[in-house]
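Fit chain V to the given chain U structure using the hints.
Protein chains in written order, with our numbering: chain U, 1 to 407; chain V, 1 to 407.
Hints were generated in silico from the structure; no laboratory data involved.
Careful, some of the hints might be misleading.
Pairs involving identical chains hold if they fit within one copy or between any two copies, as the list cannot separate such chains.
Stated by the list, open to error - Here are the simulated DSSO-like cross-link-like pairs (lysine-lysine), alpha carbons at most 27 Å apart as the crow flies:
(1) K203 to K168
(2) K257 to K292
(3) K171 to K257
(4) K171 to K353
(5) K52 to K337
(6) K269 to K400
(7) K106 to K203
(8) K24 to K353
(9) K60 to K353
Chain by chain, the residues run as shown.
Number of protein chains: 2
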Amino acid sequence: MKIITGGVTAAEGFEAAGVEAGIKYKDRKDMALIYSKKPCVLAGTFTSNVVKAAPVIWDKNVVEGAPFGQAVVINAGIANACTGQEGYGYCERTAARGAKALGVPKEAVLVASTGVIGMQLPIEKIEAGIDKLAQAKADTIAAGTMAAEAIMTTDTRSKQAAVEIDIKGKKVTLGGMCKGSGMIHPNMCTMLAFVTTDAVISKELLTKAVKEDVQDTFNMVSVDGDTSTNDTLLVMANGMAENPEIEEGTPEFALFKEALHYVNESLAKMMAGDGEGATALFETKVVGAATKEDARRLSKSVICSSLTKAAIYGHDANWGRILCALGYSGASFDPEKIELYFESRSGRILIYKDGVAADYSEEEASRILSDPEVRVLVDMKMGTETATAWGCDLTYDYVKINADYRS
Amino acid sequence: MKIITGGVTAAEGFEAAGVEAGIKYKDRKDMALIYSKKPCVLAGTFTSNVVKAAPVIWDKNVVEGAPFGQAVVINAGIANACTGQEGYGYCERTAARGAKALGVPKEAVLVASTGVIGMQLPIEKIEAGIDKLAQAKADTIAAGTMAAEAIMTTDTRSKQAAVEIDIKGKKVTLGGMCKGSGMIHPNMCTMLAFVTTDAVISKELLTKAVKEDVQDTFNMVSVDGDTSTNDTLLVMANGMAENPEIEEGTPEFALFKEALHYVNESLAKMMAGDGEGATALFETKVVGAATKEDARRLSKSVICSSLTKAAIYGHDANWGRILCALGYSGASFDPEKIELYFESRSGRILIYKDGVAADYSEEEASRILSDPEVRVLVDMKMGTETATAWGCDLTYDYVKINADYRS
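Looking at chain U on its own, in the form it has when it is part of the complex (with noise of 0.2 Å):
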């Protein structure tokens, strides 16, 4: 597996765009493009919020129940939650859109939006932004990287990451891109992500890698547990790699499945460092748990914990608050068998052994946790089950962002 630069436009077949379509921001790229030369099988996964935007509903039909899929419709800026019928008819009128300026299938298009809820999509400037993409697109890493900046609302930064593999003597390619940064709490957040392989995969065998993965990726992150109503992510593969194809149970399959992760992970990460206000990304990796519900229950509960995360924002070895959050996490085990440490790249301590803390330099630990991504490591000391899950710190522009985001 090879490590590469890009995102969404570096697998074969693939383009991309980003343009400025005036939904709601000024002087900013707010619409996106993600375009395959050839028909693709998708996979997707949605929020699980009873509240599900259009585009959420509109997308969940055209994975379950359309033959392929070829063009993704993205704008920032409103999150087109919330808009009854109305909003739904957008959704329609988007993907027309799409599908009459790309020369595909209506229901070939999918659409996303992400920003405020409640309000109406300014339908004309949409239809507009969507011929300036199509006129946009190129398969570029370049128009990967506008695409990928068009689709930040609170953001700081732009995420993609991007993979090669094997399989046969043929170059297969992963390549993906997300956005956060609030309302993040995957089960699935708005989090949005898009992740683009030119394997030639089937549906079910790229749906089941898909939904496997998530659980350990996107699903471990949360930068606020406030779950939103337009959580996507879609997974699109367009064969044009022209290898044999990927079967279950075959070392192809465990090796597309690594890169998948490689390319999940690293956007899920990105997500949770990029958190709103965030200034440091917080990691939580539990080990030795009973099992591997435990270890991801255990493990999320201290990233969700507002008072670990201040703490991590103080850079205060405040470890106390840590056995709190695994204690109310639903988890059972012994608080006087644990362990539990602290690492950085600025080192490792031990903080938290027998029941009582560790005797540890406070000094020490502050200068391990002043580092931008930071871990905890318990050791539950049950069993064999492992899971990490990322999160961010609390802090003062966490507030700021969100009492004034509207506005």
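Relative to the frame of chain U, chain V by itself:
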């Protein structure tokens, strides 16, 4: 039912004190005592966190095993949680010293701690503090207030409530105090709450009343979603009102429960409104829910949403975040049918109906949200169940307090 001034000393035969013991803070009271002239029947509810502080374990043993209780010794500054056998030993020494100073059995002395997790108590200071408390105790309102002040940590004001009822010609009084204000998500939170009454009531019936009422009061409060290791509610009844014993299924029991509910709800709301860094009490009332459990989940999900809490701080009618929080609560409903209002002493406004934003004035909504007590009212249109949950806004000061709590 008559609302009166006072707290834990309002009921007949209860004394209290608050003194400076120099445990962690300088120049402030940090130890409190509640003492009853006569033995009390006890009821208690404690944290559901797997990591339970030593005093929680001690008190559970007393409440469940001892025939009666007569005193509570409380300290602020150090939580005596995650302190191993040494920490539990300090509970025993605290109770023993209290027993000696007050002339009661050791098994009748309850203990409670709040503050930093993981540090050991300075037991000599605690013991000296107990002697001072025993000297200072008094049955005055002022003494109750001293106690309520002594148990504060990041609270900005002390919290007391009291009420009188008439049980067959006898005046029965209930009074209580509590403290917040971080790590508050009782299920049971470090919430500590103490209610005293001079009612004659059996332990069984008192326990039943407390367990039921806590579901609708303390367990409906959240400041930050972190369920503490120390949460404790203790209710003590010493029988000194000499009323005919309160029996189940009688109007007198209904009246007693109403009085208990008033005290508990008052304290719970004070705790929420004084959440760390809060500028407003944020209440969410759900009506028309299909089940009581749904009503509780829905209302609690809204007051726990970081994004909604930040919007409340910004006086921003960002109702999409409320819809979103309802949607991920776990309760199912039809987003097209529900109705949503904002209200406060400044008025009431319909915000959302029929699946889309109502035609409201942002200016008026913002004015309503500028009150120090704001309420979201949601009608689910599915049934007749209701629930109310209390939280607070999310502010810069919450981050400030918690990024630097220990230093």
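Structure-based check of all given hints:
Within a single copy, K203 and K168 get their C-alpha atoms as close as 20 Å, which meets the 27 Å cut-off; across copies the closest is 75 Å, which misses it. In the homo-oligomer, the alpha carbons of K257 and K292 lie at most 27 Å apart inside one protomer (19 Å), although the nearest pairing across protomers, at 44 Å, exceeds that limit. Within a single copy, K171 and K257 get their C-alpha atoms as close as 15 Å, which meets the 27 Å cut-off; across copies the closest is 73 Å, which misses it. Taking the closest pair of Cα atoms, K171 and K353 never come within 27 Å of each other, the shortest separation being 48 Å inside a single copy and 53 Å across copies.
Taking the closest pair of Cα atoms, K52 and K337 come within 27 Å of each other only across two copies (14 Å); inside a single copy the shortest separation is 43 Å, beyond that limit. For a Cα distance limit of 27 Å, the shortest separation of K269 from K400 qualifies both inside one copy, at 23 Å, and across copies, at 26 Å. When the C-alpha separation of K106 and K203 is checked against a cutoff of 27 Å, the pair qualifies only within one copy, where the shortest distance is 20 Å, while the shortest distance between copies is 70 Å. Proximity of K24 and K353 under a CA criterion of 27 Å is satisfied inter-copy only: 24 Å between copies versus 52 Å inside one chain copy.
In this homomeric assembly, K60 and K353 come within 27 Å of each other (Cα to Cα) only across copies, at 25 Å, whereas the closest approach inside a single copy is 47 Å.
Checked against the numbered hints above, the structure breaks only hint 4 and satisfies the rest.
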